[in-house]
Each structure stands twice: as C-alpha cells, then as structure tokens.
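S.K.: Residues per chain are reported as follows:
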Amino acid sequence: MTTVQSVEAPTGAARNWIPICAHADLIPERGAAALVRGRQIAVFRAFDGHLYAVGNRDPYSGAYVISRGIVGTRGEEPVVATPMHKQVFSLVTGVCLDDPATAVPIYPTRVTNGTVEVSVE
Amino acid sequence: MRIVVAGYGPAAHRFAETLAARGFTGGLTLIGEEPRSAYDRVALTSYLSGRPGTGAEDLTYPVPPAVTAVRLADRVTAIDRARRAVTTASGHEEPYDVLVLATGSAPFVPPVPGAERAFVYRTIEDLRAIRAASEHATTGVVVGGGLLGLEAADALRGLGLATHVVEMGGWLMPRQVDEGGGAVLRGHIERLGLTVHTGTGLDRIEPGRVVLADGTVIDAGVVVLSAGVRPRDELARAAGLDVGPRGGVVVDEGMRTSDPAVYAVGECALAGGMVYGLVGPCNTMAEVAADRVLGGAAAFTGADLSAKLKLLGVDVASFGQLSGALDVTYMDPVAGVYKKLFISDDARTLLGGVCVGDAAPYALLRPMVGSELTAQPSDLLFAGAQGAGPDGAGYPDDAQVCSCNNVTKGEIRSAIAEQGLTDVAGVKKCTRAGASCGSCVPALVSILAAEGVATGKALCEHFPYSRPELFEIVRVRGIGTFSQLIAEHGQGRGCEVCKPAVASILASLNGGHVLEGERAALQDTNDHFLANIQKNGTYSVVPRIPGGEITPEKLIVIGEVARDFGLYTKITGGQRIDLFGARVEELPKIWKRLVDAGFESGHAYGKALRTVKSCVGSTWCRYGVQDSVGMAIALELRYRGLRSPHKIKSAVSGCARECAEARSKDFGIIATENGWNLYVGGNGGFKPRHADLLAQDLSDDELIRVIDRFLMFYIRTADRLQRTAAWIEAIGLGHLREVIIEDSLGICADLDAGMERHVNDYFDEWSATIADPEKLRRFVSFVNAPGTPDPSIVFETERDQIKPVLLEVTRR
Ligand code: SRM
Ligand SMILES: Cc1cc2nc3c(=O)[nH]c(=O)nc-3n(C[C@H](O)[C@H](O)[C@H](O)COP(=O)(O)OP(=O)(O)OC[C@H]3O[C@@H](n4cnc5c(N)ncnc54)[C@H](O)[C@@H]3O)c2cc1C
Ligand code: SF4
Ligand code: FES
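So the protein sequences, as listed, match chains A and B.
For reference, each letter of the first sequence is one residue, going 1 to 121 in UniProt numbering.
For reference, each letter of the second sequence is one residue, going 1 to 812 in UniProt numbering.
No lab work stands behind these hints, which were simulated from the structure alone.
One or more hints might be untrue.
[Stated by the list, open to error] Some chain A residues well away from chain B (every beta-carbon gap over 12 angstroms; in silico):
#, residue
1, Arg-30
2, Thr-73
3, Ile-106
4, Glu-121
[Claimed, not checked] Calculated pairs, PhoX-like style, for lysine-lysine (alpha carbon to alpha carbon, straight line, at most 25 angstroms):
#, chain 1, residue 1, chain 2, residue 2
5, A, Lys-86, B, Lys-592
6, B, Lys-803, B, Lys-775
7, B, Lys-589, B, Lys-457
8, B, Lys-428, B, Lys-457
9, B, Lys-803, B, Lys-570
10, B, Lys-457, A, Lys-86
11, B, Lys-775, B, Lys-589
12, A, Lys-86, B, Lys-687
13, B, Lys-535, B, Lys-803
14, B, Lys-589, B, Lys-535
15, B, Lys-535, A, Lys-86
16, B, Lys-570, B, Lys-535
17, B, Lys-428, B, Lys-687
18, A, Lys-86, B, Lys-647
19, B, Lys-535, B, Lys-647
20, B, Lys-589, B, Lys-428
21, A, Lys-86, B, Lys-589
22, B, Lys-554, B, Lys-570
None of the values given here were measured: they were computed from a predicted structure.
Even for Gly, the Cβ is constructed at its ideal location relative to N, Cα and C.
Just chain B, same shape as in the assembly (with noise of 0.2 angstroms):
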C-alpha cells in the first residue's frame, strides 16, 4: 500500500508514528511545504527565549521510521483523484492508494490596508522574521486577545517591545473565560506590562503604526496578526470533496472524506461538524486515521476542548461548557483570582468552569465534568488549593488526565503497575501523558503517589536511595568501586544515571583519576574522553585559564594549535578559550602541546569546578579595593578538579561595582575596604538566582576556610544534578551557616580534612592521561583502524572557521 501524506505538521507526524508503532511496512511518504520535518507547534514561542533545548532542531520530531520517503519545503498543488496521484509545486507527482490530507489551518489576516506590514505566528519562519524585525523595534502590537493572541504579546514582551493587544471583543481571550474572568485576566496582563485595548477593531496598518477602529493610533515597530485561523481545505475544495460552509475538509468517525481513499486529520479536518484547533484531538484524529488505514474501527467522536494558558505566568484555565443553569462564583479582586463554576439546574453535575489567577481547581475538576458532584460546589472552588497539587488520586479511572494526548488515569494506572512506572518520566514515555504542554504533571505526580511508588527520592531503578544516602554508605563502608556497591546496596548493571553520581562520590571520596579501572566504565562520555561532546560526535577542549589572566606566550600556543588541528576558536563566558571540533584520537596530541607548554585540564567537560572569574581588581583599577585578579587564581587553583554533584562556578569582584558577576555564581566574592564579603547560591542558566550573602568582611584565610566547608558539605549533601542555588533552598541560609560557621553538626574538622585532602592530592588529569599508555588505547575513533577518522566528521567555513555540516536526520 502506498499512503500519501500532504502537509507534515503535527497530525501527519503522529499519523506516521501510529503506523510505525504498528509495523506498517508500504510505502509512506509525507509532503511538507515547510522547510523541515513536524516541530512541537505547541511549544513554538519558547523558540523566541534562547533557552538551550528551544531551538529549531530541538522542538523537531525525529522522522518515524515508517517513512520512506520525506518531501520537504514542496507543497501539494493538486489531486488527481481519478487517477490517484498528487503533484506538488516542484513538478513532483506522487501516486497513492491512500491520501491523508494532514493541511493544517492558516492564520487569518483581515482583510485590512496595510495587512501585508504584519506578521502572524504560526510557524517557526514566522517567528524567526518576528524577532529579526523586533531588534530594530522598540513598539509591538497584537490584534486577537485570545489565547495566542496573549502568548504572541508576551513573546514580544519578551523580545523587550512595549506591547499593546487589541481585543475585538468586549474581553480579553472570549472564546475561554466569561466577562467576570476576562476583567480579572485584564488585571494581570496589564501588570505585566502589557496595554490591553478591548471592544475595537483593527482599522488599518501604516508604517511605523496601527490605527483601529475607534480612532485610536499605537506606535508598532512589530504588529502580529493573531486573529484567528482558517483550515487549509483548498486542495479538498479544488479536488471537489466536501467541505463545511465555513470550511474544513468534511470527514466521517474514521476520519474518511467524501473520497474514500481520502482522509483528511487535524486543523483541516471538520469533525462531527466541528473543527478543532488543539493539538490533542488533532493527535486523536491521526491515531483514528492510522488504525482505519490499517483496516482497525476506531472512531473519533469529539473531543475535550480545555484550554490553560501557560507562559505568562498567570494561570487561565477553562473546561466544559461555559453556562449553566446555576453557577457559583468566587472573586478576590486583590489578588487577582476569579473562579466560576456551571452546574446543572438539579446542582447535581459539573457541567464546566472558568478560572484565572488560580488554577488549581482546573486539574482536579476537568475529569470530572458530566459525572455527579463529589462536594459542594463551593468547596469545589478551592479544590486543589491547599498546595497539595491536583489530587489525581480522587479520579474516576475513565478520567481523561491528559487532554493533550487523551490518556485517562485508568490507562495511566495500568502503565504504573504493568510497566513497573516508578517516576513522572516513565509514564511520559509509557502513556505520553505530561508530554506536551505539561499542565497535567501535578496529577501525574499524585496518580504515582496514590499507586504507592515513592517519588523523588530512589536515585534511578538500580539503587533505592538519595545521592546523599549512597555517598553516606560510600563513606561509611568505605566502598571504593561501583560493582561492590550495586552488589551490596543496589541491583542490577546501572544506567546513566547511577553510574555518573556514583564516580563523582567516588571521586570525591577518594581522589585518583577517574579514568581508572572499572571507573572509567562509569564516565558519561565527556568524562571519558575529558573534553565536551558536540553535535557531530567530535569534541571540544578547554585548558584552565585561571582568573581569566594569560600570558601573551600562552595565547600564541593556543593560537597555534587551534590552527595546526583547524579547530573552531571562540573565547567563552567563563574567560577562558575553547576549541572546538576536535575528534577522539586528536585530543592526546593537541593535549600534548598544550601540557607542554604549562596547560592543565579546565574541567569545562566534568561535574566539578569549571571557572572563577575576576575583574581587573585593584592592581589597575582605579575603583578596585583589593586584588580581585590574585584571589580569583588563588580559588581557582584550591578547588581545580574538585568534583562535585553538578558543576560550581565563581567569580570575584575588585568592588561593590561587581564587574565580575560574583552574584551570579555558586559561591561569589565581592571585596571590601575590610577584606571580602562571601556570597553564596547564584545560578544564572535556566533559572536565575542572585546569590546570598553568607559572610562579611572575611580576611583571605577565614574566606578560604568558609568556601572549603561549604563546598564540602555541599558535595556531601546535595542532591544529584543539583546547583548550589537549589540546594540552598532545600536546606535554608539559616541551616547552611549553622552548619558550617558555628559548626552546629560537629562536623567542620571533618569538612576541613576532606578539602584538605582534595588539594594535597590534586593533579592534572590531562599530563596523567598522556602519560599511560594503557589510557591512551581508548582515543581511537575505530578499533579496527586506529589511523583512520571518522568519516562521518565534515566540516564547512563559515567566518573563516569551521563549522560542522548538518547531519541528516532520522530517515529510512
């Protein structure tokens, strides 16, 4: 059988992984016209944050195996229905036995003056060019207050433009909340900076600004169109199939059109009369099609249509009906919390609710919509509340829990019971539920509490302890490899979880090099090869540059050898060079020129201390009060190599000016005209966290010694993948300075000898690595052919370095 997907979002894909799922073998190929594979649509404005794993290849899905044939950035112009084939924009024709239209919807532009000034938000280009016009911006506008609409504003928001949002209806986001909510809602959005103009139209777009239907003008460097959308039907409509008088392809319970050799899933599909703009019924529809295809009867029959807005940080959440014959209602205006819910005229069943400022209600009542009440409707108003989290336990099991993905809690349960689930990722993998926007986590969490599985605390399946537990055991039995101690303490081989922590504890403990015997088998991959992975599999190298000071001499050999190996050279956040595109059986000779000529390991690959910054300090700075530049080495020298549960860093500043960002940092040094004022918990990253002050006025040596004990106890106590900044609210400032300046717990001397320990026996793992052969053996790329590189390392120039070629995804 050859199937024919047109249109490659995220219906087609989940259309594709069914049939993979199910070992479809026939010809299936998938026509995209945009320029890549299906992407998280959902998930699309955290494109515009930067974060690591945002980006264009991070938000893709991988081609499911299914496919044997990828069309990308190539549209579908025609079908030929008698004749079974579609032709695309590029000339292709392509015969099918079976055709999915899988089109999507487009965003509607009114029909405005000037329309063609803006932008809409639909895809990944879109939001490409939106943030390239927004460097030039200062003024955003957003016509459409709906839930995209508000999530397009706060992206520009965040992209740093004053934003307005031009609402036609009488409230913000009509089609979710009642007017009650809608004020409220107002409230926040304008505390967040945003201006909300409502009950007016978009009159007409000039350059530089919008004019709308009341007269009034708004400067607008950007304006996003975020007025609806329309399902893309034109190729149903010009093949003559049937569709809706308002649009969207018209198809049956299987999904099948007026062709049955035609089906058409998602935003384009009109269901049960009905189009549906949310990703989990789309998903739903793309099962039913594949399970059809393959001769099943599944049926789609309609689908939940809550909705909870994220990223803005206020919560909005509505399911159900929106009216009822009784309804109950809570308001706070001060804090900003309005909740509604709609009952049935005997008071006897949920009929549906509305709520912003405060959502925890959303998550516990959404299942039980049409079932009888379990309390009285005004309890229910603050079900959830008391910051237990949405009581998943108290669910029926037909319950839907996950609407994204339509997963109940019955299937949920079975999951945790059949599979051995112990954890919130193993039911996201099992079930799908929680994978994609996340809202219904907190029921997952109670669903597993309420199964009986202890979360959080089990390491990972082979060891039911804590990171801090299995160091005390390591310590106290004085276990020294990971073989005696999944033997004695755990079960199984390990993974990649267990086997890191565990060669950091055994790191910490007792020293030694971490490529040693059976240790090495426990190293992720940049501790085994003591440089950084990078995307094509080569690797890259940092040598130490304590305080961010070189010598003129020490630059020109890294310049030398970046270039004698062609290596991408790029001066990083943490002061200090990298380079970059190194492959496995480089790293011993670039790391024997750079040992040669006084380098040492920067640790930028291992769980351990990686910087301590500096500014210039007092040495040349005409602010500076002490020498920032010299205790900045002196900290980086001390604590070099210490491994640790997550990464430290630290910086020191020559004043309270803070060039060096010391707040920012695991444990940060600002000078004083006294001495040195430790501050202690900053995290830049995901989640960032000004660091707190700790200790004031310290001299170098009573500094050092409060660094060590913290450090100490933070690699005793803290939790695996845990940055000092997390631990530190776990623990509490408070705690933290009882324990180690007033020694509450009696255990300083001990913390002390252990740092002392650390810096006796400190060194260098790189000169250590190229001076043992029997090291040395695993730095080849291929067993066989020890000479030979890997072939599949290519590199192209870009600004007169390399770069690494993209590699081709998943294809079959």
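Isolated chain A (complex conformation) (with noise of 0.2 angstroms):
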C-alpha cells in the first residue's frame, strides 16, 4: 500500500476510508461529486495533484453544486468559486474566504493503490 498523501490523520480511532474513484477519473482541476454514506461530498483534484474533499452543499443557495465550482488559488490558498453566486471557499479549512463566517465541511483524503479515498468520520 502507498499512502501517496493524507490530510492531517487525527488522534482517537482508526479511520474509516470510503474508496471513491480512480484518481485519474478526476479531471485536474475539477471537481466530482460523490455520494458518501447519504453526504454528499465534492471531491477535487488540484492542478499538482493534490486531493480536497469538502461538503458539495453551497451554503448561500443551499443547492449540491460545489463540485462544480472552478478550482483556483487565492493568493497562496487553493480555493473554489460556487457556480451559484461565486462565493470563494477556501479547499484546505472550508471557510468562505468572501464571509469567514460560513464554512463548508472539509474532509481527508487519500489515495491508495491508485484510488481516491475519503474519511466522513
């Protein structure tokens, strides 16, 4: 097994990893919506690379679009633009960069033997 990445792994009980895709179903760049235990999770692929996983839910429209944001940078921050209204989400915290108020659930990733993985607990 080749742990290729893994955002921050918590103290307490072992995790649960739900695999997802292929990491080369994902299009860099883009986002994909999955379907995780009844959440739904939207589930990127940054430009290197690297995974995100927050909650697809946009919390101004309450529509399950954010995985159809466009993906970019903030300054240094990797960030998604909901496709509804154009909020900016910062993908490392969540936090609504336009309203640090609001924030959309993050989630960890990992890839394993080529496939995404995500952790809802």
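Both chains are sitting in their own frames, so use the hints and assemble them into the complex.
M.R.: As structure tokens, this is what we get:
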C-alpha cells in the first residue's frame, strides 16, 4: 500500500476510509461529487495532483453544487468558487474567504493504489 | 450560555454575525415575527423593481453559522424576567441567560378615519401588498414627505401610478434639509412627475380618495402612510423595563437595559436619549452588545446621522448639524442646485451642511465635520465638483468613510495594505465599507487610487492585464493553453474570473470544442455542462430555433422530450423554448433525442450569440418590405457558436414598425425599401439602451460584411462581461465606424478572415459531445454512484408542471 497523501490523521480511533473513484478519473482542477453514507462530498484534484474534499452543499443557495465550481487560487490558498453566486471557499479549511463566518465541512482524503479515498468520520 | 434574540431584523442579524465571527459556541436562538430571516431593509424598495437580484431571496441574509435555532413567523409575546424565559404567540417557551431585544420600529399610523385602508412601508409583505393593489389602481398618495416617504412615492410612480406626496411640515424632508433646500428639492420632485402638497396634513381616507386638512381631495387608489416610526418597546414596557417618555427601551453605553440580563439594540433602543432610525448606528449597537455579551467593554456613544437620498435620481444629502452661527449658501435655481454649509462663529470649524441637486461635496465634507476647515468655506461648496469624484485621499485617517457600517479611512487603508486588496469588491468584503447603501463607493475608489492600487485594468489577482490586452498576448504569441498563459504572463492558478475569460479568448482564436482537454476545467458550470444551472442545481436545455421559425414536427419532438423527461417548459423572450429541471445525467439523453431530430445547441449557456429574433416580415405581413425571417435565419446560422466577451443578441424587423425590437439588440437590422439599416449597441437588461444607426440601405452582402467586422472587433477589444452597448460608449460610434467601415487601422482583412474561420470551423457542440465517451463521463451526479440521481433535487407541481422545492436556508 502506498499512501500518496493524507490530510492530517487525527488522533483517536482508526479512520474509516471509503473508496470513491480512480485518481485518474478526476479531471485536474475540476471537482466531482460523491455520495458517501448519505452525505454529498465534492472531491477536487488540484493542478499539482493534490486532493481536497469538502461538503458539496453551497451554504448560500442550499444547492448541492460546490463540486461544479471553478478551482483556482487566491493568494497561496487553493480555492473553489460556488457556481451559483461565486462565493469563494478555501479547499484547505472550508472557510468562505468572502465571508469567514460561513464554511463548508472538509474531509480527509488519501490515494491508495490509485484509488481516491475519503473519510467521513 | 443561552442567548435569545427577540426580533430578527438587520440589527439581530448583525448581532448574530458578530458572535459567529468571534467564535461563539453557546445556544443562540433568533425569534422573528416575519416569515423569513433578516433581509436588507435599506434595499427594500429595489424589491419592487423586479430586477434580477432584488427578489425576496436575494435581499435575505444567510443565517450566520453561530445560530443554533431560528423561529420564524412567531412573535415574542412576553418576557418572564424572574424565570428568564420568553413566550411566543405560538405558545412556545424559550429560556435564556441573556435576552436581546431587537424588535425595531413599527410605522406610525395616524389615528384618522379610514386609516385601515392605507398601507405602510416597512416589510417585504407590505411591498408585496402595495404592488398587488397597484395593479388595479391608477393613482397613489403617500402621506409623509421625508426620506422614506419620497422613496415610497417614487416606487408608486415606478408602478405606474400618478402619485401625490403630502407633507405636514412646511417643506419636503424637513428633518434633513432647511427651507431653501426644501424648495429646490420640490422642483426636482415635481419634474419627476410627482405632485407635492406641503403644510397640510391628512384628514381622512375614503374609498378611492383622501381628504386633506385644508379640504383638498385627491383621488387615491393606493394610500401609503410614511409618517414616521415608533420604537417597538411594548415587550420591554410590559416586563417593567425602563422606557423613554417618547418610547424606546432605555440602554446604557453597553446596550444593557435596566435588567442586566436584557440588552436592546437597533431601532427599538433609546441610547443616550436618542432613538436611531438608520441602519449604521443599529449595526454598531449590535456589535457593541455582542462584544459585551462576550465579556468585552465596547461602548456605543452616538453616531453620524448624515443621510443621502438614493433612488430618485435626485441627490439630497445632509450631514452634521443643520444650523450654525455662520453659513454659506450657493443656489442655482435653473440647474436645481442648492448647497449650504454651517460653520462655527470663528469661521474655522465645519458644523454641517445640506446639498440638493449636487451631492458631490457630501462625501468629502462629511468626514470633516468638527475638524478645522482646510479651505475657504465658499470653495468647499464646490468640493468634488470636478467630476473627479470625492477625494477620499484628502480625509484624515479617523474620518468615517462609510457611515452605514462605521468604517474609517484608517481601517480601509490598513485593510488595503495588509490584505493586499486591489478593488472595491475586496474592500467591501474585508471592511464592509460600501456594502450597504453604496454612497461611499466613489470615496473607496479614490482611496484605493491614493494607496497606489491601480483599479480597473487588471483582470484579477492572476493577470495584470485587461481582457483586450490578454487577447492580444494570446493572439500574437499564439498561446494555446491556459497553463502556458498563466505560467508565462500571470501568477497562481487562476480563478472564476480569469479562467472563463481566457476560455473565451482561446475559443475565439483557436476554435475547437469548449470541453477539449484542459479547456474543460476553465469553463463556468454552464459551459461545462453545456446547459444553464438553475437555483436547485438542475439545468435548463435550450435548442436553437433560428429566427423563431420551427416546423410542427420539431415542435412535437420538443414536446415529447419535455414530457418524457418531466421538464418544465416555457417560451422564452428570445423566441425559442426552454426546458427546465434536467439533472446532469439526463442532459446527454435529452440532447441525443434533440440532435437526432435535427436540433443543435442554442448556446443559451454561453457568452456567445444567443438568438436572432425576427418578425414575420414581407412573406406574410402586409407592411413588410424585406424577408426578415430569411435574413434572421441566415445571420443566426452564420454567427451561431461565436464566443464573445458577453452574450450577443440580434433581431431583424421587416419594416420600420419594428415588431422584432431590433433596436434593443447588440446588432439590430430594420428593413428599408432599399435594403437594410444596421443598428448597433442596443441593450435591454439592467441598463436599457437603444441601438445607434451604423449604416443605411445595405445590400445583403454589405450587411453581412459590416456585421462580421463589428463582431470580430468587439470580440478583440471589449472588456470581460462588457456588452456591446457599454463597449460602444467607451470607444465611440465614430471610432467604430472609422475602423470597420473606413478601415482606418487597416485591420479589416484580418477581421474578415477571423469571421471566415469561425463560419468554416463551426460544429454543433452537443452533437460532438454525445459522440465522445470521454466528454460524456462528466455527466453524472456522483462519480461513485453514476446511476444515482441527486437526492437533494425535489420538485412539486404548479399549474400542471414541475417546480423546484425551495431549498432550506443556511442553518445549523
Ligand atoms: C429564458 C429567458 C427568460 C424567458 O423565459 O424568457 C432568460 C433567462 C435568463 N437570463 Fe435573460 N433570459 C431571456 C431573455 C432575455 C432578454 C430578452 C431577449 O433576449 O430578447 C433580455 C434583455 C435583452 C438584453 O439582453 O439586452 C435578458 C436579459 C438578461 C440579463 C441582463 C443583460 C444586461 O445586459 O443587463 C441577464 C444577466 C447577464 O447576462 O449577466 C440575463 C440572464 C439570464 C439567465 C442566464 C440568468 C442566469 O444566470 O441563470 C437566465 C437563465 C436562462 C436559462 O436557464 O435558460 N438575462 N434576458 C430568456 C431566454 C432567451 C433565449 O431564448 O435565449
Ligand atoms: C424602505 C426603507 C428604506 C430604508 N432606507 C434606509 C437607508 O437608506 N439608510 C439607512 O440607514 N436606513 C434606512 N432604513 C432604516 C433601516 O432599515 C432600519 O434602521 C433598520 O432596519 C433597523 O433594524 P432593526 O433590526 O433595529 O429593526 P427592524 O428592521 O424593524 O427589525 C426588527 C424585526 O423584529 C421583528 N419583531 C418586532 N417585534 C417582535 C417580537 N415581539 N417578536 C418577534 N419579532 C419581532 C419585526 O417584525 C422585524 O422583523 C430604511 C427603512 C425602510 C423601511
Ligand atoms: S416589423 Fe413590419 S414587417 Fe415585421 S411584422 Fe411588424 S409591421 Fe410586419
Ligand atoms: S455609507 Fe452606506 S455603504 Fe458606505
């Protein structure tokens, strides 16, 4: 097993990793939505191959569309803009950079044998 | 800690927002009597305009994340201070550790006979009722000629009513302007078509008319009362809290009432002996209360009461005090300008001022109130008049630039420096300055400029170039990808601004499929799914129907597809048919059926040619002088798929009666006995503009050649999201004519070749997509469950068709 990357492994119980799709299935700098235990998660592959996963629900419109936003950077921060009204969220912290009081949840990701996995615990 | 807020208006919202920003984690319950969360009451009148972005949902603020519970459409009816609990009209009981009263004000309804027939002007529901009543009325009366009354009167006028304003005082806006200003203001208001009655009050309201105290009778289908507001202190009063003799819940500097567990903020509070009726002080009070609840020591010590009248197209501004030992006045009755400044007896300190008809000095002088004069008083009357906008650069750092949100110049400067802000939008987001009434935006622009930030030109933080400059870079250097462009001429990895703009440039110069390779990642969601996103995350489908002409067979196919996929169907304003409510995984299936029946993409999703509308023309119409349908179809087929800085629309009318409304289009054609007249730069939308005549009596071939050049020149040189109307105003019609008709720059051959390439290379995006398994892979709701439809998408039925079920608001 090769762990290419993992967003911080928190202490405590072992994580539940759920396979989503092949890393190669993700278009660079574009998202895809996944249905994980009833939750909608937006998975993004950055230009450098790095993975991010955030909640797919746009808190401003209520629609599940974050995965369809444009990916880019603001300063050094990798970000996605919701396609509905273009508010920009950090892919790292989930916080809306235009309105720090609002955030989307973030989820740890990793790649195992070419498969993208997400943990929802 | 359990905090309960009674009332859910702007002040309650700002209170919750401040707690959220400070990381509050206790219980926070908001109880509001209106059926929705707080909304932008200051922008309420825009709701009547029906413009995009002014619906009830657009005005409503998202619920701040610190809020743990929201009770809407429920009123707090009693406070039990001993048990620390409130009860509501629905019988609910909510215990609190801290209670915040944010109940605002209620419009004052004068006790005259028939008052129940009148409307008030405070909530979205009030405006909805006024709009409904106006549909069957032709006349309106607004009682009250203050700031709000004039706003309401203009709104009635906008709804098509012949409108009267009745003001009991001696002149309009007696609280903001002096008598001289009132007289000039009256001239402006009357020129707008409103009838003004001053110095007399309302006696009674009868069905269909009002009677004034002086006996005047005015026909009135709709009567709106705007005779002041009263603080809603009834809860506090009943609970034994101190209230002022003329109303308002008494609070100290920390917004605390006579019960230390109860705070009051906003228009219901009596702070320092004053009730504040402007949103700026209400917001400040909310921030102070939030700070105190969290253990801070913030204090509210009064606020700026300057005001600037918006919406009527008449500048009225007043600031500081409206009297003083000395004053200087400037009056130009012809131009309708009146300006007066009040100055201390030693002639050294500015005390206040009034401006009517020209508010340019307002933004410059308001922050100077109380400070030493920097120029001759008479020169200050013309401050900011050079068209350069208010010179925010001249303010001292402690000057308040934005009174709505209480932001000083110093705060704006440090935000610009520390956050590296480059534009007004950034300043708005970071400091809130400019985010409410907008009257301080010109000052923000000048502060940005004074801080050395070049505003305007740079597309975004990733490219220091304008769109036309980037276009030239891509063209001259022959760049083929975004990655190459940003690596060699930009920085970072792009954003939602530059990526679609570059995608459009690449499409204009290189052709090819918008979803090819790396270009797919640059597209906005609409271009990415070749369909228009709707509010619930579904998409709409618009097949091209050139010129609005369609065979019965094709109509039947559209009907069958809509029926089989359960889509909402509507005839658009562009003479074609829109099918709404498709999930992403349905789009290729829908398009397969449409393509098989001979349809192609209508590019309703793209910044591209939309439609060429046409009237029925000489084939059928007894007035027609040319075949407008034939020409519209030829033009639509020629320019279909042409990507551009913004959308492009066209229309062709068969005679001067202009049934196709060609002069409201980017390029419009009107038939003449001798050929075609070409009009350019028309626009409907937000800022309507009639198109200008560019060339007359053209033959078919001449017409097409001029339009080819017009469009290619626009594509090369317009800014991002600049319609042809704004572009022509920027470059001038004369210049346009020189370049594309007289070939003054010698580029016409190049423009012609560019269009030739477009016409030859055109292919239908949707047919190409359904034939390519690689491109089809993106059309799934979920990568890990391709067959599963998105469970968040739900419909209900209205008038026998589907409609999205409203999505719940942000709540935690
Ligand atoms: C469907 C339609 C309304 C209808 O039911 O009639 C419509 C619907 C939309 N219009 Fe429109 N407009 C429609 C005709 C118009 C017209 C009338 C016309 O074209 O004759 C206008 C005024 C004419 C003009 O553009 O100058 C119009 C002025 C706008 C504007 C304001 C443009 C402006 O310059 O101010 C926008 C906003 C924008 O583009 O930024 C807009 C934007 C939109 C968007 C794309 C809003 C959005 O971002 O979701 C709507 C979604 C369409 C969809 O999902 O398919 N729509 N829109 C019409 C489609 C026509 C078509 O067949 O392509
Ligand atoms: C059309 C219009 C234009 C305006 N334009 C401007 C402007 O240009 N500039 C400016 O500075 N200000 C303007 N104002 C004033 C500004 O909107 C107010 O100052 C601001 O809304 C005050 O906020 P608030 O939260 O204190 O009170 P409100 O906005 O009145 O909100 C109080 C809320 O509490 C609810 N409530 C009351 N009692 C109870 C109860 N017992 N239980 C539950 N809920 C209750 C009310 O229904 C209401 O929703 C304008 C106002 C209007 C109506
Ligand atoms: S514009 Fe002229 S030709 Fe066309 S329908 Fe109207 S009247 Fe007939
Ligand atoms: S003064 Fe109203 S937004 Fe700044």
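S.K.: Each hint should be assessed against the structure and marked as holding or not.
M.R.: Structure-based check of all given hints:
Listed as a non-interface residue, Arg-30 (chain A) fails to keep its Cβ farther than 12 angstroms from every Cβ of chain B; the least gap is roughly 5 angstroms. Remark: the non-interface label on Thr-73 (chain A) conflicts with the geometry, its nearest Cβ contact in chain B lying 4 angstroms away (cut-off 12 angstroms). For Ile-106 (chain A), the non-interface assignment is confirmed: its Cβ lies about 14 angstroms from the closest Cβ of chain B, beyond the 12 angstroms cut-off. For Glu-121 (chain A), the requirement that its beta carbon stay farther than 12 angstroms from each beta carbon of chain B is met, with the minimum near 17 angstroms.
Taking the CA atoms of Lys-86 (chain A) and Lys-592 (chain B), the gap is near 31 angstroms; set against the 25 angstroms cutoff, the hint is violated. Distance check on the hinted pair: Lys-803 (chain B) and Lys-775 (chain B) sit about 29 angstroms apart at the alpha-carbon level, beyond 25 angstroms; violated. In summary, the hint linking Lys-589 (chain B) to Lys-457 (chain B) is not supported, as the alpha carbons are separated by about 43 angstroms, beyond the 25 angstroms threshold. A threshold of 25 angstroms between alpha carbons decides the hint, and for Lys-428 (chain B) with Lys-457 (chain B) the separation of about 19 angstroms falls inside it, so the pair holds.
About 12 angstroms separates the Cα atoms of Lys-803 (chain B) and Lys-570 (chain B), which keeps this hinted pair within 25 angstroms; it holds. Between Lys-457 (chain B) and Lys-86 (chain A) the CA atoms are separated by roughly 21 angstroms; this keeps the pair inside 25 angstroms, and the hint holds. Our distance criterion of 25 angstroms between C-alpha atoms is met by Lys-775 (chain B) and Lys-589 (chain B), whose separation comes to about 14 angstroms. A distance of roughly 23 angstroms separates the Cα atoms of Lys-86 (chain A) and Lys-687 (chain B); the hinted pair therefore holds under the 25 angstroms criterion.
Distance restraint check for Lys-535 (chain B) and Lys-803 (chain B): the Cα-Cα separation of roughly 11 angstroms lies within the 25 angstroms cut-off, and the hinted pair is therefore satisfied. This hinted pair checks out: Lys-589 (chain B) and Lys-535 (chain B) have alpha carbons roughly 22 angstroms apart, not beyond 25 angstroms. Straight-line distance between C-alpha atoms of Lys-535 (chain B) and Lys-86 (chain A) comes to about 13 angstroms, which keeps the hinted pair within the 25 angstroms bound. In summary, the hint linking Lys-570 (chain B) to Lys-535 (chain B) is supported, as the alpha carbons are separated by about 16 angstroms, within the 25 angstroms threshold.
Of the supplied pair hints, the one linking Lys-428 (chain B) and Lys-687 (chain B) holds, its CA atoms being roughly 23 angstroms apart against a limit of 25 angstroms. Of the pairs offered as hints, the one joining Lys-86 (chain A) and Lys-647 (chain B) holds, with about 19 angstroms between alpha carbons and a cut-off of 25 angstroms not exceeded. Restraint check for Lys-535 (chain B) and Lys-647 (chain B): satisfied, since their Cα atoms lie roughly 21 angstroms apart, inside the 25 angstroms limit. Proximity of Lys-589 (chain B) to Lys-428 (chain B) is assessed by CA-CA distance (about 44 angstroms); at most 25 angstroms being required, the pair is judged violated.
Taking the CA atoms of Lys-86 (chain A) and Lys-589 (chain B), the gap is near 29 angstroms; set against the 25 angstroms cutoff, the hint is violated. At roughly 16 angstroms between alpha-carbon atoms, Lys-554 (chain B) and Lys-570 (chain B) fall within 25 angstroms of each other, so this suggested pair holds.
When the structure is compared with the earlier hints, violations turn up for hints 1, 2, 5, 6, 7, 20, 21 and for no others.
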